[in-house]
Amino acid sequence: MDENKNIISTIDEYINQFSPDVQEKLQAIRQIIRENAPQAKEKISWQMPTYDLYGNLVHFAANKSHLGFYPGASGVENFLDKLAEYKNSKGAIQFPYSKPLPAELVAEIVRFRVAENKKYEEYKEEYKKEKKQSKKNKEEK
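The sequence shown begins at 1 in full-length UniProt numbering and counts up by one.
Please keep in mind that the hints were generated in silico from the structure rather than gathered at the bench. All clues stand as given, with none of them false.
Listed below are the simulated DSS-like cross-link pairs for lysine-lysine, each with C-alpha atoms no more than 27 Å apart in a straight line:
no.	residue 1	residue 2
1	K43	K119
2	K124	K90
3	K82	K25
4	K82	K118
5	K99	K25
6	K41	K90
So the derived label-pair ranges between C-beta atoms look like this:
no.	residue 1	residue 2	range
7	G55	E35	14 to 24 Å
8	Y97	E126	35 to 45 Å
9	E126	S45	22 to 32 Å
Beta carbons: idealized from backbone N, C-alpha and C, even for Gly.
Could you put together the complete structure from these sequences and hints?
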């Protein structure tokens, strides 16, 4: 038995395995993410489309009756007021196939996550500089 038969390695392969109506929703969310995070790298991680920009940005996945969108805990918590009509949990939002995809809301969440990841990356870089300077100061003593 070929265990590698169903391994998906690209987002196109992932999307193409679904029915045309689901593909349409997947392509729509993909386009929204690309437009609002053009520098993000696409990859398959956890067997679903993933976007990476200074670390994991967002993920999405097709489910039986909904499109799962995974912007992390902060991506849900900061938009709870706008997510009232959608099932959600820590880090996950369910967009039913029976309703139009809320494009502007998805775009807002993606932009929020880009800013959040960028801020964290800047913090890490500043921390590294301070640590390097501290080490240099100790060596000079």
